[in-house]
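Q: Chain by chain, the residues:
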Amino acid sequence: MTPLLEIKNLNVAFNTERGQIRPVRDVSMSIFPGQTLAVVGESGCGKSVTALSILRLIPQPPGKILGGQILFEGRDLVALREEEMQRVRGKEIAMIFQEPMTSLNPVYTIGDQIVEAVKLHQGVTSREAYQIAEQSLNDVGISDPHRRIHEYPHQMSGGMRQRVMIAMALSCRPKLLIADEPTTALDVTIQAQILELLRKLQRETGMAIMLITHDLGVVAENADAVAVMYASRVVETATVETLFDQPQHPYTEGLFRSVPKLNENAARLTTIPGSVPNPAKFPSGCKFHPRCARTRKLAASAPADQTTELKSGGEIIRVLTRCVNEEPELREIQPRQWAACHQIASYNSAKVTPPVVDHKREVTTEHSTEAMQLEAAKGQTA
Amino acid sequence: MRDERTVPRSWLARAMLDTVGKTSARLGLIWISVIAFCAVFAPFLANSYPILVKMNGHWSSPMAQHFTPTDVTLLVVTFAAIVLFVFLQRFRLFARLSAFAAIVVLTITLSLLFVHPPLTNVFEQYRDLAKSGDVQWALDAPIPYSPGDHLRDQFDPDRPHPWSPNSAHRMGTDQFGADISSHMIHACRVAMAVGFISTGIAMFIGIFIGGLMGYFVGLVDLLGMRLVEIFGAIPTLYLLLAFVSVFERNIYVIMAIIGATSWVGNARFVRAEFLKLRGQDFVQAAIASGLKLRSVMFRHVLPNALAPLLVSASFGIASAILAESVLSFLGLGLPVGEASWGALLNQAVGAGGAFQWWLGTYPGIAIFLTVFAYNLIGEALRDALDPKLRGAG
Amino acid sequence: MSAFEPVTKSPPATETIIDVRDLRTYFPIRKGIFSHTVGYVKAVDGVTFSVDRGKTLGLVGESGCGKTTVGRTILRLIPATSGEVLYRGKSFFGYHGEELRKLRRHMQIIFQDPMSSLNPRMTIGNIIGEPMQVHGIAKGRERDERVAQLLQRVGLDPSYALRYPHEFSGGQRQRIGIARALSLSPDFIVCDEPVSALDVSIQSQILNLLQDLQQEFQISYLFIAHNLAVVEHFSDEVAVMYLGRIVEKAASRELYSNPKHPYTMALLSAVPEPDPRPKHKRIVLQGEVPSPSNPPSGCPFHPRCPLTREAAKQASDTDTVVLAPKGSMATNGHPLPVLGNEKPDRVLRKCVEQMPPLEQKQGEPGHIAACWVTK
Ligand SMILES: Nc1ncnc2c1ncn2[C@@H]1O[C@H](COP(=O)(O)OP(=O)(O)OP(=O)(O)O)[C@@H](O)[C@H]1O
Ligand SMILES: Nc1ncnc2c1ncn2[C@@H]1O[C@H](COP(=O)(O)OP(=O)(O)O)[C@@H](O)[C@H]1O
Ligand code: SF4
Ligand code: SF4
Ligand SMILES: [Mg+2]
Ligand SMILES: [Mg+2]
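Chains as they are written, first to last, in our numbering: chain A, 1 to 382; chain H, 1 to 393; chain F, 1 to 375.
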């Protein structure tokens, strides 16, 4: 199968007062029709900039796409003219944002906002557009859409607004939906509703979803393929099962170990020392080396001429010199798993290939009220 | 935090640096510095009395003999400010501020007590002496005319004042024969004073009342807000006109009135800021660790609330200067004979209705530039203080 | 203040540090030009719990359910409407003025937002040192030494004392906030979502730090969070709040393995597991949290409760009522659940009419929940 979207060696720079920063460096990833690709990483690692670049929405200036390709159904979005791009935005690729509070215009009713988008892309009459808008509100589970369509954003709760955003994004039946932390600002119960809704809509329409998040639980539950970003780069990408079963990159490993899990009796959490580097002062070589447990461990038993001492977060650590000097590239470690770390056993023999993770998960998490009702009724009901 | 060797700078210091860094603000600051320089050193720049003379073998300074208490105070205070804030930076700011306040008070008192210029001014005295050859050597001010000098010795019935600009009077003279350039320089004092004193009064009252409202909330707040509404409804210019037409004209009364009617915005602002900051986590933390409410308000809340007030102060100064100019233009400003740009504008339309351009243009430009400069500074401060326009870090 | 001498050696095995009894905090809703009160937001409505020395009580619930208000009311940052807080057996609400000020050092708070919790105009040294100075714990050089020790203890370089907050990352600021809370050697700290605003890899660092400090200084925590996995990891006991009330409270492990309130079950089930092949089926709770200014009648959870709907299927018609159909306003004035089927919305009459008491359930002693249906 050919990917719906293929990002190849994307590079983005921002010119700031303190000089140029590179929030996205040589990022490659791909999404297939009907697939959910989760992009995971901590704040500032370049997730949003990558997403905005796909729609060519990064503010210019200060931003600039330095190079790379974004192939959407074979067309290179980077090379499109602005007018052509406008036809792609909203119609073929739609986006929803983290902040349901600020991403809707407070002075228009939600109906007006959806109708505007629908009319722009589908060339229908106002009346038809209203019908489509009502239908899409209904699709996202907003009850009484006929009345609700005339309400203003402030009359709705955060969860409702996020539904409206989704309705708006989906009103033109896009082939790809980019969801940038769609549930980060919401409560767990509302998060569960929204994610369930996205899964349902995906099943019905077959759209692809690029799900940006930092919550590994959300990834595990929703993703087919995962791309892990650290310091402006993709450091690992694989199918969701492979990634959780056999993470190869020390950052992925550390991330999995540092989150507390329900029903787990660890007395202490494992941590990744130090903090996320600021793009204005990235470390040399592998950007993860000041925090990396693997290089420290290997350095302890390596010959002294292959190691380097450095100061990190107030302590002196010893790491492999190669990690300090040489930045690893993303290589195909095994089928459908790519990682960027030279201290993976098969790294040296692995090839640099574009990461294409064609995979649909087998087990899907079904949320249902019935499930709980049965469980709750079991032996507990009076 | 890898080898970051940044100099620790306070938030306010960074905001200030940003402000000064802006070109427009820098131009504004340059202009205001020029005005301030003229205000302080006016007697050295434009004076009918020579700075130094040698007469009958004796050296003397007629300029210094004619210093008014204002002249002396301005000079001493400026000197003290430069020494304290430029050269003695290693001492604590608070100590330096206190020292400065003490010097100001002391100088004002002493100069009022001990500086007595001659009661009558005979401006042409030294020109006459020079003509008669009694002066062996003299150092004149660059503009050898005081603003009150009506050139009685040069009276010429064929050439009535005002004179248009000529080689002796580069900006011309006014209808009484006073030199405009001299007038312009001495008027800088009024411009500076009106701006600073009235805005100072407005800030003081505003912070005090706004602070009380934000601090006590409840009934005090309710009463305070009514007071704010009442004062907010008084049209300043109208009050000024009424006052000036009934009582005698006095620059200090004018400043007091401008100040006493324009504190309302400041009070509202300080109150809102207090109420907002009260709920901030760092204020809650201070209360939770058992700090006295008073100390929390004055050490944590007030400094955070004050910085944005600087913005409104710059705009306040600009509008105070405008207000004074308007009054003087209407002929209701300063007592006759005192130098003010607005008063010059007033004379621009002469007796016959003829427009004397030199009387309108120079003060007009000065007023415009000064007001504009303060507005530029205000804008830049506002941008610098607005967290939304600042990068996070 | 002799009653509150800091504990020196071998504290009694279980000493109750904080005892909260029937705490209520109502915020008046004001309207009109005369700002008369037209009603109350019952942000906290009858909350009772206690925390022993060196123990942690976790407090979970959805946004707006009153967690922050509970924490701040205990510390008297918000005035309580009624109720009682005992600090080591003495009524904390009975103190005023200077006495209250002195008592405050025993109870501190750590905030969620590392950006707004530090005064941008003060150096780190002053932020941490000021409380010590005010309470006469340390002055001058001694104070600076204590600040340096505290910074070191929370994992920061002592030289940071001269810097300003904006120079630090979120995680570092949170450490500074912790150092400030520690500076007065408190017995009790309210941690209001201390890791919610932090990066995933930083969260575990802060949680470990808090845990180490608890062991070292025998501090008691009220640990507020909405991430249930974090709370389970961190707490000895967990209380679940819904609309200003505690609906279930039990020892941490017991609550997670044997939840009794359907809201707790739903919350637990909503947490996405970091495992692509989950073992459990999930529940999606319908609807959203109603406004605390106008809580539903009877059991406040009934408009969203799946359990009462299940139980109603087996109950007789006289014991059940049908709620207004979806899309229109329910009896309580809130829009009804939006997902699900069009079947009549039948619930137990008791759930709509009477508030269930918070009572002991089957399971460990001390496992209490407020639900008519579960035993
Ligand atoms: N000062 C106030 N005035 C009026 N209402 C308030 C005030 N503070 C809080 N409330 C209301 O009280 C309720 C409980 O608020 P609280 O902040 O305690 O919630 P929370 O559980 O901490 O939520 P979150 O998870 O979002 O932090 C909310 O409905 C809130 O709107
Ligand atoms: N408009 C902008 N100007 C300058 N820097 C920016 C801009 N937008 C984002 N950045 C920087 O780019 C980096 C990556 O940002 P982003 O993609 O938003 O991170 P995240 O992974 O949290 O979504 C960050 O360091 C951010 O500060
Ligand atoms: S390349 Fe070295 S520093 Fe980078 S992740 Fe691998 S082991 Fe760690
Ligand atoms: S009392 Fe009724 S409505 Fe409330 S939780 Fe129990 S079953 Fe649900
Ligand atoms: Mg982002
Ligand atoms: Mg809260």
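These are calculated hints, taken from the structure and not from any lab test. We put the CB at the ideal spot given by N, CA and C, even for glycine. Be careful, since some hints might not be right.
[As the list claims (entries may be wrong)] Derived DEER-like restraints, expressed as beta-carbon distance ranges:
no., chain 1, residue 1, chain 2, residue 2, range
1, F, GLU359, A, THR109, 42 to 50 Å
2, H, LYS292, F, ARG141, 49 to 57 Å
3, H, VAL220, F, GLY97, 42 to 50 Å
[To be verified] Straight-line Cα separation of at most 25 Å, SDA-like style, residue types lysine to any residue; simulated pairs:
no., chain 1, residue 1, chain 2, residue 2
4, F, LYS102, H, PHE79
5, H, LYS292, F, THR123
6, F, LYS31, H, VAL217
7, A, LYS8, A, LYS261
8, H, LYS276, F, THR81
9, H, LYS22, A, GLY63
10, F, LYS31, H, GLY279
11, H, LYS131, H, ILE51
12, H, LYS292, F, ALA80
13, H, LYS276, F, LEU209
14, A, LYS297, F, LEU209
15, H, LYS292, F, LEU100
16, F, LYS31, H, GLY290
17, F, LYS31, H, MET297
18, F, LYS139, H, MET297
19, H, LYS276, F, PRO79
20, H, LYS276, F, LYS31
21, H, LYS292, F, LYS31
22, A, LYS311, F, LYS102
23, A, LYS261, F, LYS55
24, A, LYS261, F, LYS31
25, F, LYS31, H, LEU227
Q: All the hints need checking, so say for each whether the structure fits it.
A: These are the hints, each one checked on the structure:
{"no.": "1", "hint": "F:GLU359 <-> A:THR109: 42 to 50 Å", "verdict": "holds (47 Å)"}
{"no.": "2", "hint": "H:LYS292 <-> F:ARG141: 49 to 57 Å", "verdict": "violated (24 Å)"}
{"no.": "3", "hint": "H:VAL220 <-> F:GLY97: 42 to 50 Å", "verdict": "violated (19 Å)"}
{"no.": "4", "hint": "F:LYS102 <-> H:PHE79", "verdict": "violated (47 Å)"}
{"no.": "5", "hint": "H:LYS292 <-> F:THR123", "verdict": "holds (20 Å)"}
{"no.": "6", "hint": "F:LYS31 <-> H:VAL217", "verdict": "holds (18 Å)"}
{"no.": "7", "hint": "A:LYS8 <-> A:LYS261", "verdict": "violated (35 Å)"}
{"no.": "8", "hint": "H:LYS276 <-> F:THR81", "verdict": "holds (23 Å)"}
{"no.": "9", "hint": "H:LYS22 <-> A:GLY63", "verdict": "holds (23 Å)"}
{"no.": "10", "hint": "F:LYS31 <-> H:GLY279", "verdict": "holds (21 Å)"}
{"no.": "11", "hint": "H:LYS131 <-> H:ILE51", "verdict": "holds (17 Å)"}
{"no.": "12", "hint": "H:LYS292 <-> F:ALA80", "verdict": "holds (20 Å)"}
{"no.": "13", "hint": "H:LYS276 <-> F:LEU209", "verdict": "violated (32 Å)"}
{"no.": "14", "hint": "A:LYS297 <-> F:LEU209", "verdict": "holds (23 Å)"}
{"no.": "15", "hint": "H:LYS292 <-> F:LEU100", "verdict": "holds (10 Å)"}
{"no.": "16", "hint": "F:LYS31 <-> H:GLY290", "verdict": "violated (34 Å)"}
{"no.": "17", "hint": "F:LYS31 <-> H:MET297", "verdict": "violated (29 Å)"}
{"no.": "18", "hint": "F:LYS139 <-> H:MET297", "verdict": "holds (22 Å)"}
{"no.": "19", "hint": "H:LYS276 <-> F:PRO79", "verdict": "holds (18 Å)"}
{"no.": "20", "hint": "H:LYS276 <-> F:LYS31", "verdict": "holds (20 Å)"}
{"no.": "21", "hint": "H:LYS292 <-> F:LYS31", "verdict": "violated (32 Å)"}
{"no.": "22", "hint": "A:LYS311 <-> F:LYS102", "verdict": "violated (42 Å)"}
{"no.": "23", "hint": "A:LYS261 <-> F:LYS55", "verdict": "holds (21 Å)"}
{"no.": "24", "hint": "A:LYS261 <-> F:LYS31", "verdict": "violated (46 Å)"}
{"no.": "25", "hint": "F:LYS31 <-> H:LEU227", "verdict": "holds (22 Å)"}
Taken one by one, the earlier hints fail for this structure at numbers 2, 3, 4, 7, 13, 16, 17, 21, 22 and 24, listed in ascending order.
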